[in-house]
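Starting from the known structure of chain A, arrange chain B on it as the hints suggest.
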Amino acid sequence: MIIKSLDPRITRAALDDESKDGAQQPMDQWLTYEVFQQKKRGTHHVHVGSLHAPDAELAILFAKEQYARRGQCVNLWVVKTADVSATEYEDEDIFATTPEKKYREPEVYKVMDRIQAFKAKQNS
Amino acid sequence: MELTERHIEGLKELLYKMADDLLIMGHRNSEWTGLGPVLEEDIAFSSMAQDKLGQSLALFELLHELGENIPDIVAFTRNDKQFHNCHLVEMPIGEYDFSLARHYLFDHADAIRFAMLENSSFEGLSMISRKFRGEIKYHTMHAEAWMKQLSQGTEESKARMQSALNAAFPLALGIFEEGNYEAELKEAGIFEGEAALKSLWLKMVISELQKHGYNLPDTNDVTPTLGGRKGFHTEHLQPLLNEMSEVFQIDPGADW
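Chains A and B supply the protein sequences, listed in that same order.
All the letters of the first sequence, read from the start, carry residue numbers 8 to 131 under the working numbering.
All the letters of the second sequence, read from the start, carry residue numbers 76 to 331 under the working numbering.
Hints were generated in silico from the structure; no laboratory data involved.
Where hints are given, some of them may not hold.
Here are the in silico distance ranges between beta carbons for each label pair [said to hold, decoys possible]: (1) GLU64(A) with GLY302(B): 54 to 62 Å; (2) MET76(B) with LEU22(A): 53 to 61 Å; (3) GLY209(B) with ALA93(A): 57 to 65 Å; (4) GLU114(A) with GLU318(B): 56 to 64 Å; (5) ASN82(A) with MET76(B): 37 to 45 Å.
Some residues of chain B that are not near chain A, with every Cβ distance over 10 Å (derived) [as the list claims (entries may be wrong)]: (6) THR79; (7) GLY142; (8) PHE151; (9) MET216; (10) GLY268; (11) LYS273; (12) VAL322.
Predicted model only: the values in this text are computed from it and were never measured.
We put the beta carbon where it would ideally sit given N, CA and C, even for glycine.
Chain A with its partners taken away, still in its complex shape (with noise of 0.2 Å):
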């Protein structure tokens, strides 16, 4: 049965009820890439999504409606994500004490410098 709708396109594009079974064809199943986009020149790229394309061209062409049409933006770059390598989540404890770490955050130098500095008026 053709599905009628109240949306004339969908109408009009006569399409079948009879949602199609079985598993995705290999020419109707494109590669994931993963998108970067940097908002301003000199700025670092940042990842903000991914997406499915044939081959990095088109990749880009779709990152660019897909990610980057709304707000600034000065670049994109698309990487396949069979190209990233990443850590295991099993390996997760790898991280575990990193945040008790503070003294390699910047931020407690600069709170530092400010102590410091109050000190040094104070015994002045």
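Same frame as chain A, now just chain B:
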């Protein structure tokens, strides 16, 4: 130079056909929204359709400055005989192969037209031509990428794109149907004219398509589809206009 009444009439004719082409093309392409072949392409194609509506609005605003009615009234209350778009843009979306071939042929003509108008003596037109340059560049990049992709896909994809191009080509030649004021527009430095545009367009699309292994029919063997610029249209335009203006007609005075 001082513009005479004929120059102004020619300018309006130019603005109307450009605005109508973009309005109808934008509406047609938006019919793919939600039905595109894949999500990413659906988003890109819909977004470009919106761009076209925006470009047509900018042109209708220029017409308003020249004394025509406000854009909504002009866009939503005319019948098909009062529209000046070419037949290419009013044809139904068909299968995606036709929509892509049309997108390719129309958008390249549009890109060249706007590039020519960047030097127009009519400042409003040269301003928006510069403003939309990047937007239109993306549209032609997108169109060319698909022509290239499908030429390298399967035998079927290439054959379908070639027949879609053959079908769209005579319609696309209708883009360049001359108006009544070609000489006046050229004389005033407003626009170099349809003949100049057509020869630039032919040169570009023939060589680019050849690069991807397609062949356009010989222009001597093809009859351009004319009439649209003079208000003669196919049976496809009026139903489109009815659907496009449906919401507006419920309450034409509504404040949006």
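Name the hints, by number, that the structure is in violation of. 1, 3 and 9
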